[in-house]
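Use the sequences and the hints to build the structure in full.
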Amino acid sequence: MLGLIVGAGAVYAVLSPAMRGAGGEATPQFQNAALEASGPGLPASTTNVQDFESLLADFEAAQEASLVALRGYLLTDGEGFHREWLQASARLQASSDALGRQSSTWTDGRKLVELVEMQRLVGQLLAEQRAVAAIVGTVNRYPGLQLYTEDVKPALSEAQALCTEVMNAMLAISSPDVVGPVGPFAAFRGDLDDLRAGLADFMGARNDATLPEAASSVRLGAMRKTLADVRPHIPVEMREKIDRLASLTGTVQEKLGRIFALRKGDRWDYADYAFRTRIEPLAGKLGSIGAAWRESAGRPR
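Per our numbering, the sequence shown starts with residue 555, numbered consecutively.
Worth flagging that the hints you see were computed from the coordinates, not collected in a lab.
From a predicted model like this one, the values you see are computed outputs, not experimental measurements.
Keep in mind that the hints are not guaranteed to be accurate.
Here are the computed lysine to aspartate or glutamate pairs in the EDC-like style, where the Cα-Cα straight-line distance is at most 20 angstroms [what the hints assert, rightly or not]:
id: 1; residue 1: K779; residue 2: D747
id: 2; residue 1: K779; residue 2: D755
id: 3; residue 1: K839; residue 2: D651
id: 4; residue 1: K707; residue 2: D748
id: 5; residue 1: K707; residue 2: E808
id: 6; residue 1: K809; residue 2: E668
id: 7; residue 1: K707; residue 2: E767
id: 8; residue 1: K795; residue 2: D745
id: 9; residue 1: K795; residue 2: E719
id: 10; residue 1: K809; residue 2: D823
id: 11; residue 1: K795; residue 2: D705
id: 12; residue 1: K707; residue 2: D745
id: 13; residue 1: K809; residue 2: E719
id: 14; residue 1: K818; residue 2: D797
id: 15; residue 1: K839; residue 2: D823
id: 16; residue 1: K809; residue 2: D745
id: 17; residue 1: K839; residue 2: E671
id: 18; residue 1: K809; residue 2: D747
id: 19; residue 1: K779; residue 2: E767
id: 20; residue 1: K839; residue 2: E618
id: 21; residue 1: K839; residue 2: E682
id: 22; residue 1: K839; residue 2: E668
id: 23; residue 1: K809; residue 2: E791
id: 24; residue 1: K839; residue 2: E614
id: 25; residue 1: K809; residue 2: D705
id: 26; residue 1: K839; residue 2: D612
id: 27; residue 1: K707; residue 2: E668
id: 28; residue 1: K809; residue 2: E704
id: 29; residue 1: K818; residue 2: D783
id: 30; residue 1: K779; residue 2: E808
id: 31; residue 1: K779; residue 2: D797
id: 32; residue 1: K707; residue 2: E719
id: 33; residue 1: K818; residue 2: E808
id: 34; residue 1: K839; residue 2: E607
id: 35; residue 1: K818; residue 2: D745
With beta-carbon atoms standing in for the labels, derived distance ranges [said to hold, decoys possible]:
id: 36; residue 1: G634; residue 2: A723; range: 27 to 33 angstroms
id: 37; residue 1: A815; residue 2: R778; range: 53 to 59 angstroms
id: 38; residue 1: D755; residue 2: A846; range: 27 to 33 angstroms
id: 39; residue 1: E607; residue 2: R830; range: 28 to 34 angstroms
id: 40; residue 1: A681; residue 2: R848; range: 24 to 30 angstroms
All C-beta atoms in this analysis are idealised placements derived from N, C-alpha and C, irrespective of residue type, glycine included.
Dropping the structure here:
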């Protein structure tokens, strides 16, 4: 019942002022037209029927053009596709508005309600398209890459700098006869270099790239164990830096787990994900309304 009330209000909202009297009630001419709508509910004249068919065709062409251009923009980041999408979006809105103006001759309440729904969907579709287009070329498009750039990469750079400090301190008190923890720590530094290089290649590769072995949980766990083993044997003033290295290694391991999960899932490219899950369903709903109208001999019943 609530749906019927809302639908009735929506129908009233799209009626042309010419169909209402001074008090807002339907004019006698419109009331007569509504009473005659026992058939397909055609517009007032053959010309209007032809206009409707032309407007619907323009609307469907503009919707398709906006989807194709936006998809091209997502795939290429090209300014040409971006301009085409902007133009197609403006056409889509104009076509929707034109259908709304032409509805002043319709006599089928169901079609008027469907028109209101179509216009709502158009507004939602255009909003979603703008949101997706806005993240093209930004770090927000790839959440995993953003996580790597803002968290993992700086942590690895800091770890490399700490390695240099700790290694220099250990070398200052070592001798050929007493290597001490220099050997294991040098292995840790090598693993860190492998990790940085492997991740740089992985993050720049295609979605189906193989995860670097240097970033495996086994290798990272071994690196943290090395730090725990060498800590008692290094100068006391360096132990705080070893603790910081262990913390950074743990942070990197946790962040990489999230990055790898995103890489394996369907949200790595969030623009593509949003296009498929938020934009395409809206376009499908709009297409269903147009298809239903075409099934009724291409006319609004």
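Do the hints match the structure? See the list:
no.: 1; hint: K779 with D747; verdict: holds, 17 angstroms
no.: 2; hint: K779 with D755; verdict: violated, 26 angstroms
no.: 3; hint: K839 with D651; verdict: holds, 18 angstroms
no.: 4; hint: K707 with D748; verdict: holds, 13 angstroms
no.: 5; hint: K707 with E808; verdict: holds, 13 angstroms
no.: 6; hint: K809 with E668; verdict: violated, 48 angstroms
no.: 7; hint: K707 with E767; verdict: holds, 17 angstroms
no.: 8; hint: K795 with D745; verdict: holds, 18 angstroms
no.: 9; hint: K795 with E719; verdict: holds, 8 angstroms
no.: 10; hint: K809 with D823; verdict: holds, 18 angstroms
no.: 11; hint: K795 with D705; verdict: holds, 19 angstroms
no.: 12; hint: K707 with D745; verdict: holds, 15 angstroms
no.: 13; hint: K809 with E719; verdict: violated, 25 angstroms
no.: 14; hint: K818 with D797; verdict: violated, 32 angstroms
no.: 15; hint: K839 with D823; verdict: violated, 24 angstroms
no.: 16; hint: K809 with D745; verdict: holds, 18 angstroms
no.: 17; hint: K839 with E671; verdict: holds, 10 angstroms
no.: 18; hint: K809 with D747; verdict: holds, 18 angstroms
no.: 19; hint: K779 with E767; verdict: holds, 17 angstroms
no.: 20; hint: K839 with E618; verdict: holds, 13 angstroms
no.: 21; hint: K839 with E682; verdict: holds, 14 angstroms
no.: 22; hint: K839 with E668; verdict: holds, 11 angstroms
no.: 23; hint: K809 with E791; verdict: violated, 29 angstroms
no.: 24; hint: K839 with E614; verdict: holds, 12 angstroms
no.: 25; hint: K809 with D705; verdict: holds, 8 angstroms
no.: 26; hint: K839 with D612; verdict: holds, 17 angstroms
no.: 27; hint: K707 with E668; verdict: violated, 52 angstroms
no.: 28; hint: K809 with E704; verdict: holds, 11 angstroms
no.: 29; hint: K818 with D783; verdict: violated, 34 angstroms
no.: 30; hint: K779 with E808; verdict: holds, 16 angstroms
no.: 31; hint: K779 with D797; verdict: holds, 12 angstroms
no.: 32; hint: K707 with E719; verdict: holds, 19 angstroms
no.: 33; hint: K818 with E808; verdict: holds, 16 angstroms
no.: 34; hint: K839 with E607; verdict: holds, 19 angstroms
no.: 35; hint: K818 with D745; verdict: violated, 24 angstroms
no.: 36; hint: G634 with A723: 27 to 33 angstroms; verdict: violated, 57 angstroms
no.: 37; hint: A815 with R778: 53 to 59 angstroms; verdict: violated, 21 angstroms
no.: 38; hint: D755 with A846: 27 to 33 angstroms; verdict: violated, 52 angstroms
no.: 39; hint: E607 with R830: 28 to 34 angstroms; verdict: holds, 31 angstroms
no.: 40; hint: A681 with R848: 24 to 30 angstroms; verdict: holds, 26 angstroms
Consistency note: the structure conflicts with the earlier hints numbered 2, 6, 13, 14, 15, 23, 27, 29, 35, 36, 37 and 38.
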